[in-house]
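One line per chain: the protein sequences are P and X, in this order. Heads up: the first sequence is residues 47 to 572, going by the numbering used here. Heads up: the second sequence is residues 15 to 182, going by the numbering used here.
Derived from the structure by calculation, the hints contain no laboratory data. Quick caveat: nothing in here was measured; it's all calculated off a predicted structure. Please note that a few of the clues may not be correct.
A few chain P residues that don't get close to chain X, going by computed Cβ distances all over 12 Å [stated by the list, open to error]: (1) 153; (2) 160; (3) 165; (4) 173; (5) 187; (6) 188; (7) 229; (8) 238; (9) 249; (10) 255; (11) 336; (12) 378; (13) 397; (14) 454; (15) 468; (16) 541.
Quick partial rundown of chain X residues pointing at chain P, CB under 8 Å, derived from the structure [what the hints assert, rightly or not]: (17) 121; (18) 123; (19) 139; (20) 141; (21) 144.
The beta-carbon is built from N, C-alpha and C at its ideal position, and this holds for glycine as well.
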Amino acid sequence: MGGGEGEGTAKATVLYYCPCTNSMHAQAPAEEKPSDRKKKRTDSSDSETDTSEEEDEDEEKQVTAPLDPSSATHMNRLLPLRASLIECLYYCDDCSELRCTRCVIEEPAGYHCPNCLFDVPTASVRGEKNCCARNCFQCPACTHVLSVVEGDRRQNDKACFVLACSVCLWNSAEIEWTFEKATGISAQIERMREANGCHKEFTNLLNHWRTVQRASAATVSNTTAAHAHGSVTAAAGGAFKHRLGGSAAAASSSGMHSLRRAAASAESTSVPEYTAACYAGEEGRQHLDRLMSLKSADYVPYTTSPLVSEPQRVQLHMKVARRCRQCHHILIKPESKAQATRFKIQLMAANFLPTITVPATLNLQKALAGHGSRKRTVVLPCGPFTPGETLPLALRFSNPLYTEMHVVVEAPSSSSTFAHIDVMAPRFMLPPFTELWEYDDDDDSDGASDKSGASASTRGILDRQGNRVAIQINIVPLAETSTLKIPLRVTCSHVDDMDVNADGSQSTEQRRAVKNSFWVYVILGE
Amino acid sequence: MYGLQIAPQALVCKNTIIEGDIQIGNGTVVHVGASIIAKNGPIIIGSNNIICERATIINNHNIPLVIGDDNLFETDALVGGCGIGHRNIVQVRGKVYGSCVVGNNCVVGAACTTEPSDNIPDNTVLFGSPQARRTRADGNTDHIAMHRKHLEYIHEMLPRYNHIVEAD
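Extracted from the complex, chain P is given alone in its bound form (with noise of 0.2 Å):
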């Protein structure tokens, strides 16, 4: 659908830009000192820093926001970082201000197993590893979920159970794994798995450094030497503090030092020695030298397959809330149960701020059409743009909220170094959103109220069709290129009409206008 050249679909998007810097401040010029972000700034060129020190010194109705989202090196670097489509934005009630993925914080909001949908609490969640506690374990061989079913051999009339696969044919009887009941898998495979050598031999191992944990955190020495192989083992040790829990309670910030004192001074703590609990005497260890010795290990491959020979347990699934990272109020809060997908709280920004979307071709209604321009339609422009050539370009803003809007278009007054733009309509009402709007097919049931304003200010609207209204803005490419950035802020007011106090009596109504100032971008071309 693009013009009379066939070359190809055209296409624009319309992304959000989010202006969350490192120190979180508002939008308005005057309260931001520009020297305090040109430092944050990783690079600017000279020319571009003074020139927005001047004009932020300028009166505060300027248009341009303190970082300038429409100089240059924004929109080259910043602007794949911080802008965003509206579908992926929030935007915080409390503080009238539009919020990113990056501005907000997640918190867990409930742990559930993706393929037995069961609500894991989240005090075992620690427990289980993250893992299903229920009979879900994965395929080895193609990763798809096991089932349990009644084995085929009866060894010793005894019914016995195996985790078979239903996509690869896998059976857990190709690893010996036979199951006497169906249910209580996992416990039935740590039962297997004490009575192999190897696994008992860790658990002792981990009890052990355990005891020298606990040990150590209790001697209190003031060695200050600090052993050069004592600082590896520190290191070691700060890391599995926090596998180990509960015993690292005791020693935080000194467990560094802990273990340094624990290598100088080993025989004098009453930890026992330690005591192999399996391989130990001769046929132990002949057993463990066959197994692997140490100077084979640089020969033995990172990964012998690529998937692990056993069935893994599924990993659990973590539903997440989100909260506005300056008032803390809630923006997302999903329902905990799993199989609900609904949220009990949404603050989505195209609730609250008018969606902005670029129609490929718009057909202008005849009672606007006729104010001397022979176009009936109005096509998007696709690349490459030559410079010079007037583009007009149509804009439809929609409001989602039930009370009206005013939207104020500006474009940037530091001209863009890519276009010149010039917004026909800068002004204009947005209607309210009713359902009946939806059941309402009339278009020209807009005529009346257009006739009721001047025909000036009708310039530039092309469109009007229930909540929505399509605005023609001129560009001008100074560049030859095949895509255009062109920002524009956007500003847009309305008057609550909810009741702030919610007391619940009509003559105390607080009416709350609500500000809110955003630059938009309007990607052109491919």
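Using the hints provided, position chain X relative to the given structure of chain P.
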């Protein structure tokens, strides 16, 4: 051998596309909508097979396409190739192409295809996307009992609701 020869116990429904020299063995069930096309060479189908709806068995080669016993060709399967063994399953939308020879006890998974000139050994399972294959345990014939029950059920119910081609 010319034309269609149906063994006495076979069940071939009437609304099927059967063309060419085809021999259908004992107990084999051909569901409605299946196609068996012996284009360039004859097709010999063994006993106790189940050919489901919209399955296609097509022989593009001059040599006869021999299909063994106890196979299951599920819905929308495509079977070309040069030979199929016994007790195989070609799952839904599985394709056996070209001049491929399939052994015994194999499973061609759902929407899986074989390479055009591949020989699939016994006891192989093709599965997944990207496709992988692995060998299943030898002699694992659990599905045979299910297959027999499936056959019994079909032999009982199918003639009640479909028109059957009379066997010779």
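Now the hints, each set against the structure:
1. 153: holds, 36 Å
2. 160: About 19 Å separates residue 160(P) from the closest Cβ of chain X, which puts it past 12 Å; holds.
3. 165: The claim stands: residue 165(P) keeps its Cβ more than 12 Å from every Cβ of chain X (closest is about 30 Å).
4. 173: holds, 34 Å
5. 187: violated, 6 Å
6. 188: violated, 5 Å
7. 229: Holds: least Cβ distance 22 Å, greater than 12 Å.
8. 238: Holds, since 20 Å exceeds 12 Å.
9. 249: holds, 33 Å
10. 255: Holds: least Cβ distance 40 Å, greater than 12 Å.
11. 336: With a cut-off of 12 Å, residue 336(P) remains clear of chain X, as the shortest Cβ separation is near 29 Å.
12. 378: Its Cβ never comes within 12 Å of chain X, the nearest being 34 Å, so this holds.
13. 397: holds, 39 Å
14. 454: About 52 Å separates residue 454(P) from the closest Cβ of chain X, which puts it past 12 Å; holds.
15. 468: holds, 52 Å
16. 541: holds, 56 Å
17. 121: holds, 6 Å
18. 123: Residue 123(X) check passes; min Cβ-Cβ to chain P is 7 Å, inside 8 Å.
19. 139: This interface hint holds because 5 Å falls under the 8 Å limit.
20. 141: holds, 5 Å
21. 144: violated, 11 Å
In summary, the numbered hints that this structure violates are 5, 6, 21.
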